[in-house]
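We have chain A; now place chain B onto it with these hints.
Protein chains in written order, with my numbering: chain A, 1 to 188; chain B, 1 to 257.
In short, the hints are calculated from the structure, not lab data.
Just so you know, not all the hints are guaranteed correct.
Claimed, not checked - Computed list of lysine to aspartate or glutamate pairs in EDC-like fashion (alpha-carbon distance at most 20 Å, straight line):
id: 1; chain 1: B; residue 1: Lys202; chain 2: A; residue 2: Asp86
id: 2; chain 1: B; residue 1: Lys202; chain 2: A; residue 2: Asp96
id: 3; chain 1: A; residue 1: Lys106; chain 2: A; residue 2: Glu67
id: 4; chain 1: B; residue 1: Lys96; chain 2: B; residue 2: Asp79
id: 5; chain 1: B; residue 1: Lys71; chain 2: B; residue 2: Glu141
id: 6; chain 1: B; residue 1: Lys71; chain 2: B; residue 2: Asp178
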Amino acid sequence: MVNHQVDLPETALSRRRLIASLLAGGAVAATAPFLSGSASAEESGATTTAPPHRDAADNAALNAALERESRMAATYAAAVAKTSGDDQAALLLIHDHHVAYAQALKGYLATSANSASSQPLAAPAASITAIAQQMASLEEETVAIHTNSLATLRGINAAMLVASIITVEARHVAALNIIGGTSPIAAA
Amino acid sequence: MTNNNPSLISRRSALRTGGAIVAGGAALAACGGSSDAGTIARIGSVPEIEKLETEHVSDVALLRTAMSVEKMVAVMLADQRMTSLAEANVSPYLTKYSASHETNMSVIAPLVTARGGQTVSEPNAKLMTSYGDHALELVEEGKTPGDVLNLMLGLESLVAATYQYFVSLTNEAALRADMMRLGASSSRRAAVAAQLIRGGTKGFVPALNDKGEELTATLPTAFGALNAVQVLLGPLNDIGTRSPLSMETPSLNSMLY
Chain A
1 MVNHQVDLPE TALSRRRLIA SLLAGGAVAA TAPFLSGSAS AEESGATTTA PPHRDAADNA
61 ALNAALERES RMAATYAAAV AKTSGDDQAA LLLIHDHHVA YAQALKGYLA TSANSASSQP
121 LAAPAASITA IAQQMASLEE ETVAIHTNSL ATLRGINAAM LVASIITVEA RHVAALNIIG
181 GTSPIAAA
Chain B
1 MTNNNPSLIS RRSALRTGGA IVAGGAALAA CGGSSDAGTI ARIGSVPEIE KLETEHVSDV
61 ALLRTAMSVE KMVAVMLADQ RMTSLAEANV SPYLTKYSAS HETNMSVIAP LVTARGGQTV
121 SEPNAKLMTS YGDHALELVE EGKTPGDVLN LMLGLESLVA ATYQYFVSLT NEAALRADMM
181 RLGASSSRRA AVAAQLIRGG TKGFVPALND KGEELTATLP TAFGALNAVQ VLLGPLNDIG
241 TRSPLSMETP SLNSMLY
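In isolation and in its complexed conformation, chain A is listed as follows (with noise of 0.2 Å):
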C-alpha cells in the first residue's frame, strides 16, 4: 500500500489561520474583563498617585539616621556607666531603645546599610541632672534630624519607621528636661 500526502494549498480559511484566530479569540476573551475593569476604574476618578512603599533614593537619609542612632547608643553606654540605681535603669532602657531604632534602620536598608560609627556624640557629664540636660539636648537635635529628613523620604516604609521613632524621642526631650531640672510646665 503507498500512502499519498495531499498538499493542499493555503486556502483563505486554512487551519493553521483558524488555530491563530481561535488563539487570538482566547486571549481577547481573557483579557477583556480586565480591560472593562481598567476602564471603569478610570471612570472611578482616582487622581493621586500612591507613594512608594520604598525608595532606593532614601538610603542615604536612612543611613545618616542609622549613624545617628548607633552614635546615640554609644553615647548613652557611656552615661550608663556613670550612674547607678533607678537612673542607671532608666538611661539603660533609653540605650536600648536607641540600640533598637540602629537595628531597625540598618535591617531596612539591609544591604545598602553602611557601616555605622559607635563613636559617642559627648562625653557624660558627673551628676544624672547633668547628664539628662546632656542628653536632652541631644536627643532634641536627633528629633529634629529625624523630622527634616522625613520631609524628603519617598518611601512610606521608611516614613512610617521615622515616624515611630521620632513619637518616643519626643518622649526622651521632655522626660529628660524634667530630670535635667526644667519645670514640667516648660518641658512641653
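Same frame as chain A, now just chain B:
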C-alpha cells in the same frame, strides 16, 4: 492512497465554529460592564440603588480630620468636668495643653486652605460619640482627681498616635514632617503627664505594683505604638477594678472627607 474521511462535522468546520464562538464571546465580554456581573433578572418594580460616593483619603481629608481631633482634645481638656476635679497643681497643664491644641488648629488651617479644602472648627463627632463623651462621664462619676491626669495622658498619646498613623496615609512628604512636628509636641506633653503621675527616673521604666497592676510609665515602648490607647477611668466596679476605656485613632469612618 488518499485518506478521505467524509463526515458531517469535519475538523475544519469544528474549528471554524469554535473560532466564531470564541470571537463572539470576546466581543460580548468586552462590551459588558463589571457592574452587571452577578445580577439576577427580577420581575416587578425594584427600587433604584443609589451608589455611595467614592471618597479618597486625600491629604486634605487627613488635615481636616487632624483639626477635628485637635479640637476634640482641646474641648475635653477644658471641659468643666475635668477642670473642676483637677488638683491645683494640675489645672495649669489643662489650660496650657488645651490652648496648645487650639494653636495647632491654627497651624493646620492654612495647610488645608492651601490645598483647596475647608477648615474644621468642631470636635470630631464620631470620636466624641465613640469614646469622648463617655470618658468625660466616667471622670465625673469617678470623682477621682487622678482620672484627670490619666485622661490627659491618654488624650496626648492619642494625638501623637494619630499623626504617626497619618504619616502612612499622607502623599506629600513635606506634609508628613509637618504632621510629625505636631505629633511630637503631643508626645512631649504625654511624657510630662506621665511624669506627673509617676515622677523621676523610676517612672521612665514600665513596672507593676504590689497587686500586679501595670504602673504608668513615661517610656512604655521603644517605638511609637498605633494600637488603641487604654485609659483607666471612673468609679470602681463590684470587684474593685476599673474597666479600661479604649480610645482609637481616627479611621476611615471617622475621617472628615
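Here is how each hint holds up against the structure:
1. With a C-alpha separation of about 5 Å, the suggested pairing of Lys202/B with Asp86/A holds against the 20 Å cut-off.
2. With a C-alpha separation of about 16 Å, the suggested pair Lys202/B and Asp96/A falls inside the 20 Å cut-off, and the hint holds.
3. This hinted pair checks out: Lys106/A and Glu67/A have alpha carbons roughly 10 Å apart, not beyond 20 Å.
4. Simply put, Lys96/B and Asp79/B have alpha-carbon atoms about 13 Å apart, close enough for the 20 Å limit, and the pair holds.
5. For the given pair, Lys71/B sits about 24 Å from Glu141/B by alpha-carbon distance, which is inconsistent with the 20 Å threshold.
6. Restraint check for Lys71/B and Asp178/B: the C-alpha separation of about 18 Å stays at or below 20 Å, so the hint holds.
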